[in-house]
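J.: So the chains spell out like this:
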Amino acid sequence: MKWFSTDHKVIGKQYIGLSLFAVLMGMVLSLLMRFHLVYPDTKVPLFQALWPEGAPGGVMTPELYLSLMTMHGTIMVFFVLTTAPQSGFGNCFLPPQIGAHDMAFPVLNMLSFWTTALSFAVLLMAFVVEGGAPLSGWTAYPPLSGLGKITGPGQGLGQDLWLVSIALFCAASLMAAINFITTVIELRAPDMGYFDMPLTAWAWFVTALISLFAFGVLLAGGILLLLDRNLNTAFFVPGGLIVNDRVEPRSGGSPILFQHLFWFFGHPEVYIAILPGMGVVSTVLSTFSGKKVFGYRAMAYALLAIGGLGFLVWGHHMFISGINPYSTIAFSVLTLAIGVPSAIKTFNWIATIWGGRLRFTAAMHYALGFVSLFITGGITGLVLGQPGLDLYFHDTYFVVAHFHLIMGVAAIFAIFAALHYWFPRMYGRTMNETLGKVHFYLTFAGVYALFVPMHFAGIAGNPRRYPDFKEYEFLQSLLPLHKGMTHAAYFLAAVQLLFLYNYFRSKRNGAEARGDVWGAGTREWRDD
Amino acid sequence: MTNAARTGQTLLIVASTMLFAAFTSALVARRAGGDFGDTPLPVWLWASAPLALAASWAVERGFTRSAAAAGAALTASQLFYLGSLHIAQVDQAFRSVFVGAHAAHAAAGACALLLHGRSARLFWHFAGGLWIYVLALLGVWT
Amino acid sequence: MHLAIAIASLATACVLLFVQPRWWLPEAISAHARAYDAQLHVTLWVIGVLFAAAQGLLAFAVFRFRDRGQTPSATAGNHRLELVWTSVTAVAFLGLAIAGQGIWAAVHLQGAPNPLRVEVLAKQFAWSYRYAGPDGVFSAVEVKSIDDAGGNPFGVVDAKSDDIVTALLHVPAGRAVELRLKSRDVIHNFFVRELRIKQDVVPGMTIPLRFQAEKTGRYEIPCSELCGLGHHQMRSALVVMGAGEFEAWLREQQSR
Numbered sequence: 000m001k002w003f004s005t006d007h008k009v010i011g012k013q014y015i016g017l018s019l020f021a022v023l024m025g026m027v028l029s030l031l032m033r034f035h036l037v038y039p040d041t042k043v044p045l046f047q048a049l050w051p052e053g054a055p056g057g058v059m060t061p062e063l064y065l066s067l068m069t070m071h072g073t074i075m076v077f078f079v080l081t082t083a084p085q086s087g088f089g090n091c092f093l094p095p096q097i098g099a100h101d102m103a104f105p106v107l108n109m110l111s112f113w114t115t116a117l118s119f120a121v122l123l124m125a126f127v128v129e130g131g132a133p134l135s136g137w138t139a140y141p142p143l144s145g146l147g148k149i150t151g152p153g154q155g156l157g158q159d160l161w162l163v164s165i166a167l168f169c170a171a172s173l174m175a176a177i178n179f180i181t182t183v184i185e186l187r188a189p190d191m192g193y194f195d196m197p198l199t200a201w202a203w204f205v206t207a208l209i210s211l212f213a214f215g216v217l218l219a220g221g222i223l224l225l226l227d228r229n230l231n232t233a234f235f236v237p238g239g240l241i242v243n244d245r246v247e248p249r250s251g252g253s254p255i256l257f258q259h260l261f262w263f264f265g266h267p268e269v270y271i272a273i274l275p276g277m278g279v280v281s282t283v284l285s286t287f288s289g290k291k292v293f294g295y296r297a298m299a300y301a302l303l304a305i306g307g308l309g310f311l312v313w314g315h316h317m318f319i320s321g322i323n324p325y326s327t328i329a330f331s332v333l334t335l336a337i338g339v340p341s342a343i344k345t346f347n348w349i350a351t352i353w354g355g356r357l358r359f360t361a362a363m364h365y366a367l368g369f370v371s372l373f374i375t376g377g378i379t380g381l382v383l384g385q386p387g388l389d390l391y392f393h394d395t396y397f398v399v400a401h402f403h404l405i406m407g408v409a410a411i412f413a414i415f416a417a418l419h420y421w422f423p424r425m426y427g428r429t430m431n432e433t434l435g436k437v438h439f440y441l442t443f444a445g446v447y448a449l450f451v452p453m454h455f456a457g458i459a460g461n462p463r464r465y466p467d468f469k470e471y472e473f474l475q476s477l478l479p480l481h482k483g484m485t486h487a488a489y490f491l492a493a494v495q496l497l498f499l500y501n502y503f504r505s506k507r508n509g510a511e512a513r514g515d516v517w518g519a520g521t522r523e524w525r526d527d
Numbered sequence: 000m001t002n003a004a005r006t007g008q009t010l011l012i013v014a015s016t017m018l019f020a021a022f023t024s025a026l027v028a029r030r031a032g033g034d035f036g037d038t039p040l041p042v043w044l045w046a047s048a049p050l051a052l053a054a055s056w057a058v059e060r061g062f063t064r065s066a067a068a069a070g071a072a073l074t075a076s077q078l079f080y081l082g083s084l085h086i087a088q089v090d091q092a093f094r095s096v097f098v099g100a101h102a103a104h105a106a107a108g109a110c111a112l113l114l115h116g117r118s119a120r121l122f123w124h125f126a127g128g129l130w131i132y133v134l135a136l137l138g139v140w141t
Numbered sequence: 000m001h002l003a004i005a006i007a008s009l010a011t012a013c014v015l016l017f018v019q020p021r022w023w024l025p026e027a028i029s030a031h032a033r034a035y036d037a038q039l040h041v042t043l044w045v046i047g048v049l050f051a052a053a054q055g056l057l058a059f060a061v062f063r064f065r066d067r068g069q070t071p072s073a074t075a076g077n078h079r080l081e082l083v084w085t086s087v088t089a090v091a092f093l094g095l096a097i098a099g100q101g102i103w104a105a106v107h108l109q110g111a112p113n114p115l116r117v118e119v120l121a122k123q124f125a126w127s128y129r130y131a132g133p134d135g136v137f138s139a140v141e142v143k144s145i146d147d148a149g150g151n152p153f154g155v156v157d158a159k160s161d162d163i164v165t166a167l168l169h170v171p172a173g174r175a176v177e178l179r180l181k182s183r184d185v186i187h188n189f190f191v192r193e194l195r196i197k198q199d200v201v202p203g204m205t206i207p208l209r210f211q212a213e214k215t216g217r218y219e220i221p222c223s224e225l226c227g228l229g230h231h232q233m234r235s236a237l238v239v240m241g242a243g244e245f246e247a248w249l250r251e252q253q254s255r
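Chains as they are written, first to last, in numbering that gives the first Met the number 0: chain A, 0 to 527; chain H, 0 to 141; chain P, 0 to 255.
Heads up, some of the hints might be wrong.
[Said to hold, decoys possible] Chain P side only, calculated, beta carbon under 8 Å to chain A, not exhaustive:
#: 1; residue: PRO71
#: 2; residue: TRP84
#: 3; residue: TRP103
#: 4; residue: ILE206
[As the list claims (entries may be wrong)] Pulled from the structure, derived: some chain A residues nowhere near chain H, Cβ distances all over 10 Å:
#: 5; residue: LEU30
#: 6; residue: LYS291
#: 7; residue: ASP467
#: 8; residue: GLU470
What the hints contain is simulated information worked out from the structure, not anything from laboratory work.
Don't be surprised by glycine CBs; every beta carbon is placed ideally from N, CA and C.
Extracted from the complex, chain A is given alone in its bound form (with noise of 0.2 Å):
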């Protein structure tokens, strides 16, 4: 493989296989959390062995959790999830379903998937570097990360080398956002007028208009942050600090206004993350119900409605963070809306099958599991829009149960069926069909068995992001409960060994498949 080619096929597929890495790594990383959860006090050797001074004596210390937590995040929100549902599937599909050899911009291509692979890199040294990684959250909320490594191990280098991984990140998506927008825009076939373009092509050029809006904002924030760490400045620093009895001359600034700046970027950022996957999804669902996307027009517009409507929202995770409690009914209206076409898309997707003639492939499968996990996860939206509610929901697992049922889990989903369903096309050959259903039945289960409870804890009460639950009773009581989840976690990634034979060795060895394999119709199976 060329490595700098401008080809888009090769560098989708170097974009699905960066991400294929860091969700193993993602994975890795939650898997260590779960266990360090509910054996807080187990000497493991190995801990001890990666990490000497975050795990003296083999036991995880606070602040290496922490870390452990924060790089999970980040890696699966930015490096899986902004990763291949976009610019993975995107380059590679995009272009021959609109009739265009390339993207408008390849040279610019290469460049955008190897400054996202900086942008990894950079991340990753974090890991290594002194102090270690960032322990202030994906999220990054200043003073905590504002200050410097007075607040805690992490927050040293391993937090700037964070915000300029971010940046890199930036750079990388407002290029791709471009080159994918420009595409669509200049080098649809003749015959392809916008509203004859698969749903996907819609999915990929939406979601890069809200790349295009929400990226800069996100970049800002991070310069600012990195600027009030490095140069003496005050945009999040308020005045009347003491850290670690140290007395912070600065003044003025507002932590609130780096939630706005992040948040404002933060929500168009899921819709990032899961739009291109219900472009798959109802692509796949059309194909293997023998029928047209039921509504295609309403499906179109509500992707754009969702796109436009994303960033009015933000103020949702803002709720309880001090500011104007008037504003936070006006978020609460404007979340519940963005509702409205998301089950537009969920009845759609059901009417799409419905009076089909349904082929149960492994790609099918994952699409329809798509719809089962979005309405789970989705529902719990109504919840959560509420301040009312929030009010007690905020930071507790209820809030991680519902943003892992979507992102962590639909979403992937939507992957696991791309990756099924364009196989074919991407190498020549099939994947295991049943291999790939036995995969989903166990994942399918495995992920209900590991979200659903966690709701279970947030309603007790159980707060975000604490390494352990040693120090209240309350917490302790909810520990068989975080037993049966970190068992499920375990089980899962267990699970995922099925899939990752199946996908390379189908590689390899997958019987041989030529054409339109499942009648799909769309411009991308065509050989010419």
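Could you slot chains H and P onto chain A? The hints should help.
T.: Just chains H and P, lined up with the frame of chain A:
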């Protein structure tokens, strides 16, 4: 320029506008908090305004290399200003942000002119206009 | 077939889990908490019905339209149907949104007259509370006077101030309380499960939070915003006492 070049530059302009909009909203929010500082901009920096306008004129007339040179001069003056800036007050902090971010855009614009000639003029005009905006924001409004 | 069963059984398991009697919510100790629980139950019922209906429809469709050699229907849309289910959804969701605002308004937009005011200080990794003392006035504070080891985390200037500083939050039952939340370093969060209230404590701001507890007892205050490596040990307690008991406690504190 090709349609793709026009569309691509337009999108880049959108993304860049979002970056500066975010910085501007931070500035507006922060300015409301008082103790902002009131150091005037150095007089010589104002000379960069006609420089930017001249560079845009040059591109329209086809003198892309001269325009690129003007862009490089603009970037150099911005970097010189940044080097001389001692951040002690809030207004100076924001200046470092706006001027630094713009310097990156000016440099990128100059490179684009050298590589792509007049096709890159859309971004170039935007960068010039943006600099006028930044000067007005930092030197007049605050 | 298997898939339909899988979806249906998982959905049924979810519904059963949520209606089974062992309920995970801690007891409600205020009128607000009870109103909260009522809204939560309404919401859970609404989403439960929607959840069951959607998953049920999905499972049914998966079963009913499995490949048995039938010709797929040619329908590709139905405007009227789209309009109907869009409107119903919009009304249901917005209805929920509006119904829920009452609890929010009660906590943040309304206030009882003459509440007991208590200042709350959060820092890495401990909570402190300050009461005004018999003169009813909070003494002036400054950073220079802060002395954690000497029991003056707030930095009260006047050594002879009658302010009462404690490590636990004592309040009388049945009296409106207004907390004034401050942080010394990073963002923390004040949370009492049984009161069903939670508020970020942001450095540089003083944020009010009102409640009225009705049941005596001791209730955990677990910090609920990541604040560093001691976040999970930043623990305090709300001690709700009878009115008479509280007065006695105040007098005892004042005499120190």
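J.: Compare the structure with the hints numbered earlier in the document and write down the numbers of the violated ones, lowest to highest.
T.: none
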